[in-house]
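Novice: Using the sequences and the accompanying hints, generate a full structural model.
Protein sequences, first through last, are from chains A and B.
So for the first sequence, numbering that gives the first Met the number 0 puts the first residue at 0; every next one is plus one.
So for the second sequence, numbering that gives the first Met the number 0 puts the first residue at 0; every next one is plus one.
Not one of these hints is a red herring.
Computed spacing ranges between beta-carbons, pair by pair: (1) Asn184(A) x Tyr105(B): 45 to 51 angstroms; (2) Val353(B) x Gly164(A): 53 to 59 angstroms; (3) Glu33(A) x Ile28(B): 55 to 61 angstroms.
In case anyone wonders, no lab produced these hints; they're calculated from the structure.
All figures in this text were calculated on a predicted structure; none of them were measured in a lab.
Glycine is no exception: its CB is placed at the ideal position from the N, C-alpha and C atoms.
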Amino acid sequence: MQTEEMMINMGPQHPSTHGVLRMILRTDGEVVSEATPNIGYLHRGLEKIGEKLNYHQFMPYTDRIDYLAAMNCNMAYAMAVEKLAAIEVPERAQYIRVIMAEFNRIASHLVFFGTSGLEAGAWTPIVYGFRERETILDLFEMTCGARLTYNYMRIGGVSADLPDGFIRKAEEFLDYFEPKVKEYNNLLTYNRIFINRMVNIGVMRPELAIAYGVTGPNLRGSGVKWDLRKNESYSVYDKFEFEVPVGTGELGTVGDAWNRYRVRMLEIEQSVKIIRQALKQIPQGEVKAKVGRVFKPPAGEVYVRAENPRGELGFYIISDGSANPYRLRIRAPSFNNISVASEIVRNTMIADMVLILGSLDVVLPEIDR
Amino acid sequence: MLKEYIDAIKGFAERNLPVINVPVELWYIAWIFIFGGAILGGALLFAGLGAYVERRVAGFLQSRLGPNRVGPQGLLQFMADGIKLVLKEDLIPDAADKLLFRAAPYVLFIGTLGVFAALPFAQNIGITNINIGLLYIMAISSFVVIAIIMAGWASANKWSLYGGMRSAAQIISYEIPIGISFLLVIMITGTMNMHQIIEGQAGGLHRWFVFRYPPFTMIAFLVYYVAAMAEVNRTPFDIPEAESELVGGFHTEYSGMRFAMFYMAEYANMFAVSAIGTILFLGGWQSPLPFNILVPLGTDFISSNQFFIQMLIWLEGFGWFLSKVLWLVFLMMWLRWTLPRYRVDQLMAVCWKVLLPVAFFNMLAVGLWLLL
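Specialist: Pasting the structure below:
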């Protein structure tokens, strides 16, 4: 019998492409023989904009790199400029940054948890994930007035000190939240159908992950213990005790979609641990170093990277001594993570492909910038 | 049953309105329309209310409210949705096969509403009483899969095509375990007549077929229920319309009232398969109590109020029937908002490797039990 392969467009308007990703699929029945990501629908030229603005002015744009983890992006950019200009950040500001970054990591992973459920056909997890994320956003709103694009951090610190009662509310939330993770695991992680769907699909060997520059939970899902917060400790992360969860093949093979998912769920628990320690240890003091409004770092170049919920976000900044960066380049983790997709979805079924793409947890504005 | 109604009404009319002398054929035609309307109205009312209840149940399970604005507790939400959908622009894609595209929802409705014609809702309440009711239901419900393939093919959309092909494979596969579960009941009762099947389960909870030959009939009921969920494309078997994979599956290109027909057919189907499960295994309109709840009224009262008592009996039967059916429907909703979806090959494996062998073994076991 003669059969033909079918070319089919998935996206840019498709429920599971997380925004405006377009996948061009070559399918043989239900089996995807080739998947090519086609990106660029969300390109806004952030890097070029960065050259035309001064260092302070670029901060709100970093919110838009990864809208689910704007605090982490703020922090990475601030750290890059601080290194360029050799600015000492007050310790209290460092602690606040870590608290915010870890809260945002939890919020981002909660969205991942929900969308994983959605892609597997379960509608309820996303509501549970968003319910808890809501409280985190309330905490952010309390601190900086915004719920999605915070623009909270500044070169040399943060824009404002923690408001009264923040620490109490944060601790209350953590007490409420920690048992909820178990509920999530009962509902989705260890659901028989979910396991059958997620296990042994989209296996990414560690060598493949490293070759493609995959970072973050995706790399750790493949069993590589690499976390910048530990391996290249920045800010005050060296003062906290926490584990780096890696894919262990608890179910299925190391590097499959389920292990990538599991690593994120375990990371939520570790972030809770970090925040608890930070809330206890946070010192009194200034929250912002003195940085002039007209701010000209010395000529030179710097590359700084930070561990974002999706992997390593890097800022490569060249300064020519003027108030604007000469070149500002963003290394976005999702770009590398989506690159590996066509490699690991080959010869899987359409239904699996959706789950594999979801397990990579890409965010489109970060890919297109 | 239909014939008795017609004869009764005709006799009543001839006795009381002697001027009217209508040929009997006209009576039949009139009654076809009246009963057709009753099925349509009843099924659609349930579909609308079912959609509302599903949204409220979903809200309850997801710690949110669900629709609660239109009417008391949002009860009229389905009316608002219906009006909105009727007023929508009726879009047919340019590349679509126009005739098939338009016809698909109607074919679907034949399959869905045809089942209702053979369902007994209470003692002597039902549209027809045919002696091969079960076979008829099996046959007429197959229209659904034809309609879905039609919709998937005619849309000229690749995602719809996937949905159509998936549902063809799925529904045809799952009809086999359903058929074997039917056979089990036919073996026990020796009839395909729905009323006689229910009569065979009279006398309380322990007489229901689900508890009759433990554990085999219980397993058969579970097999039926799981397969029925797959028949009506409910999570975890909703792969023909898997929105995260196939956008909307076979109804991706449908909008307006045509979409609403697919939507309503889903709920009507849910009711239909739950009703069949109730009739075959849960005693239909039989009370779970081993005694008659009308006994306390006293024999004098019962014998002197024949008409009133008959009404009460019907009402009681209908109440039991409805509560059992709605419980099964609620269970489907509960599962939908809890479980993820199977992959298409896993779905087939569940059918051919689990349900089918189990169903066969059951049939064998009950057959032996009946022989010994």
